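Sequential numbering from 960 applies to the sequence shown in the numbering used here.
It is possible that some hints are incorrect.
Below, a list of computed lysine to any residue pairs in the SDA-like style, where the Cα atoms sit at most 25 Å apart [unchecked claim]:
1. LYS1166 / ALA1186
2. LYS1166 / HIS1059
3. LYS1166 / LEU1146
4. LYS1166 / ALA1058
5. LYS1166 / ALA1151
6. LYS1166 / GLU1147
7. LYS1166 / ASP1131
8. LYS1166 / PRO1144
9. LYS1166 / ALA1154
10. LYS1166 / GLU984
11. LYS1166 / ARG1115
12. LYS1166 / GLU1148
13. LYS1166 / ASP1152
14. LYS1166 / LEU1128
15. LYS1166 / GLY1177
16. LYS1166 / ARG1183
17. LYS1166 / ARG1185
18. LYS1166 / ALA1155
19. LYS1166 / GLN990
20. LYS1166 / MET1176
Source of the hints: derived by calculation from the structure; they are not laboratory data.
A quick note: this is a predicted structure, and the numbers were derived from the prediction, not measured.
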Amino acid sequence: MTNLRSDLFSSRLDETPSSPRLRFERVVHLQTGEAMGAIAETYQRFEERAVFGPAVQAAERACPADWLGARVEEAALYAETADLSARPIHVPAPIAALAHSSTPQKCESAIRRTRLCPQEVVVEFEDAAFASAPNETSHHIQSLRRRGFRVGIDARRSWTSDWSGTMMLMIDAIRVDMRSLECDPDLEEKVADAAALGVYVIVDQPKWRDADQLAEMGAICGVRARADA
């Protein structure tokens, strides 16, 4: 039954010929298999740029706000090409884009060139972007939310930022790694606290059989879910 379920709700949406830099991963409800959105994954992160040779100067001039705006537009356009109706679409953002003054405007301009609304997009920053200067972080989040965008945290690599209080009321989603969740009680507690505040938690690479256990701590969504075998 679990193998059939995994086949029915296969998460991978291969990139289209017109989208060489993106691929989509479906976010599903782990207990029902219902589509809960999609993650637009890039083959190269903003930080993974050339560090030597002639490309260095161009890489150093790259603007994180421009880069993110381009990814928001691409994700929206390719969602139409792939006939992807699940919402919201999570777009990974460079850490440097959170504090960049042009980020909200670049994202807004990008989404206006597509058929999507800002509310259909979660701009997802790595946890490290939120780990310092909480007052400034809240201001940057508010700037995106005023334009209608949702904001998410990618906590697959680290989870050191504060997941409680005022900031969490402005966060829509948190993505965590199943292996980390299994071995770190602190992360499990933080997930439960965030879920209690209304944040929806996406677990990366969970097993279908763990759906009920994860739901008890408030983590009801998954991406790249695995069969039990």
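To see whether the hints hold, each was checked on the structure:
1. LYS1166 / ALA1186: OK: LYS1166 and ALA1186 at ~6 Å, within 25 Å.
2. LYS1166 / HIS1059: It is violated: about 38 Å lies between the C-alpha atoms, which goes past 25 Å.
3. LYS1166 / LEU1146: Since the Cα atoms of LYS1166 and LEU1146 sit roughly 18 Å apart, the hinted pair holds (cutoff 25 Å).
4. LYS1166 / ALA1058: Given that 25 Å is the threshold and the Cα spacing comes to 36 Å, the pair is violated.
5. LYS1166 / ALA1151: holds, 19 Å
6. LYS1166 / GLU1147: The hint holds at about 16 Å.
7. LYS1166 / ASP1131: OK: LYS1166 and ASP1131 at ~23 Å, within 25 Å.
8. LYS1166 / PRO1144: Cα-Cα ~19 Å, so holds.
9. LYS1166 / ALA1154: The given pair, whose Cα atoms are some 20 Å apart, holds under the 25 Å limit.
10. LYS1166 / GLU984: Status holds; Cα separation ~16 Å.
11. LYS1166 / ARG1115: Measuring from Cα to Cα gives roughly 16 Å; hence the hint holds.
12. LYS1166 / GLU1148: It holds: about 20 Å lies between the C-alpha atoms, which stays within 25 Å.
13. LYS1166 / ASP1152: With Cα atoms ~22 Å apart, LYS1166 and ASP1152 stay inside 25 Å; holds.
14. LYS1166 / LEU1128: Roughly 29 Å between the alpha carbons, so the hint for LYS1166 and LEU1128 is violated.
15. LYS1166 / GLY1177: Given that 25 Å is the threshold and the Cα spacing comes to 16 Å, the pair holds.
16. LYS1166 / ARG1183: The hint holds at about 9 Å.
17. LYS1166 / ARG1185: holds, 5 Å
18. LYS1166 / ALA1155: Status holds; Cα separation ~23 Å.
19. LYS1166 / GLN990: With a Cα-Cα distance of about 11 Å, the restraint between LYS1166 and GLN990 holds, given a limit of 25 Å.
20. LYS1166 / MET1176: Holds, at about 15 Å.
Comparing the model with each earlier hint shows violations of hints 2, 4 and 14; every other hint is respected.
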